[in-house]
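Residue numbers (our numbering), protein chains in the order written: chain S, 312 to 424; chain V, 3 to 114.
One should not assume that every hint holds.
[Claimed, not checked] Computed list of chain S residues with no C-beta within reach of chain V, every gap over 12 Å:
id	residue
1	ASN342
2	GLY351
3	HIS358
4	GLY362
5	VAL363
6	ASP384
7	ALA393
8	THR397
9	GLN413
[What the hints assert, rightly or not] Distance condition first, Cα-Cα at most 25 Å in a straight line; then the derived PhoX-like pairs of lysine-lysine:
id	chain 1	residue 1	chain 2	residue 2
10	S	LYS368	V	LYS4
11	V	LYS58	V	LYS106
12	S	LYS368	V	LYS58
13	V	LYS44	S	LYS322
14	V	LYS106	V	LYS69
Rather than coming from a laboratory, the hints here were simulated on the basis of the structure.
Ideal Cβ placement from N, Cα and C applies to all residues, glycine included.
Chain by chain, the residues:
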Amino acid sequence: DAEITQSPRHKITETGRQVTLACHQTWNHNNMFWYRQDLGHGLRLIHYSYGVQDTNKGEVSDGYSVSRSNTEDLPLTLESAASSQTSVYFCASSDRQVNQPQHFGDGTRLSIL
Amino acid sequence: QKEVEQNSGPLSVPEGAIASLNCTYSDRGSQSFFWYRQYSGKSPELIMFIYSNGDKEDGRFTAQLNKASQYVSLLIRDSQPSDSATYLCAGTSGGGADGLTFGKGTHLIIQP
């Protein structure tokens, strides 16, 4: 079955370090997304991609970057981790057709000390 | 700024009754709407999506959309304790390709 896999599931790191969260989907979806989920804020869009070599900023993109070198993967990088980036991160994907639902990975719980 | 508003709850409903979850949105350009269910510590799971005015039914679930009133709802019939979760309403104006705007979710409790 097609799926979307995130790794690691849990990570603890220190402020100032670079962190990369992996997202791999086997749906062959063109669209991929990264969200963060925090108490009191719900899910907020960080970055999204329509396809290879395409990336776009979302609502809360400061301090994050993504790159899309193939259809299956959209890694999320925190260039210099800050305590405010402690959160649960979800990757999602959807088909290129209009109004298609997004399928979510299991999430990565990231703690920055 | 696009906003999706939900009552955070908790909404408590007796087992077997109808649970009614509501959502309003600010962006008149929003085209389609999605309801996700999220159990504590888990990822969002798609329940239903709707993009035409009116009702859409799938098993025990009915989604309702009123674009004139900018209102979306989800009805759960014959509520079960396993329906206890947080329900997230999300909308999009770009057909979904530019991401979803989520509400903060409604915590639903089904009382046995």
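Going down the list of hints, with the structure as the test:
no.: 1; hint: ASN342; verdict: violated (5 Å)
no.: 2; hint: GLY351; verdict: violated (7 Å)
no.: 3; hint: HIS358; verdict: violated (9 Å)
no.: 4; hint: GLY362; verdict: violated (10 Å)
no.: 5; hint: VAL363; verdict: holds (15 Å)
no.: 6; hint: ASP384; verdict: holds (18 Å)
no.: 7; hint: ALA393; verdict: holds (23 Å)
no.: 8; hint: THR397; verdict: holds (16 Å)
no.: 9; hint: GLN413; verdict: violated (6 Å)
no.: 10; hint: S/LYS368 x V/LYS4; verdict: holds (15 Å)
no.: 11; hint: V/LYS58 x V/LYS106; verdict: holds (23 Å)
no.: 12; hint: S/LYS368 x V/LYS58; verdict: violated (33 Å)
no.: 13; hint: V/LYS44 x S/LYS322; verdict: holds (16 Å)
no.: 14; hint: V/LYS106 x V/LYS69; verdict: holds (20 Å)
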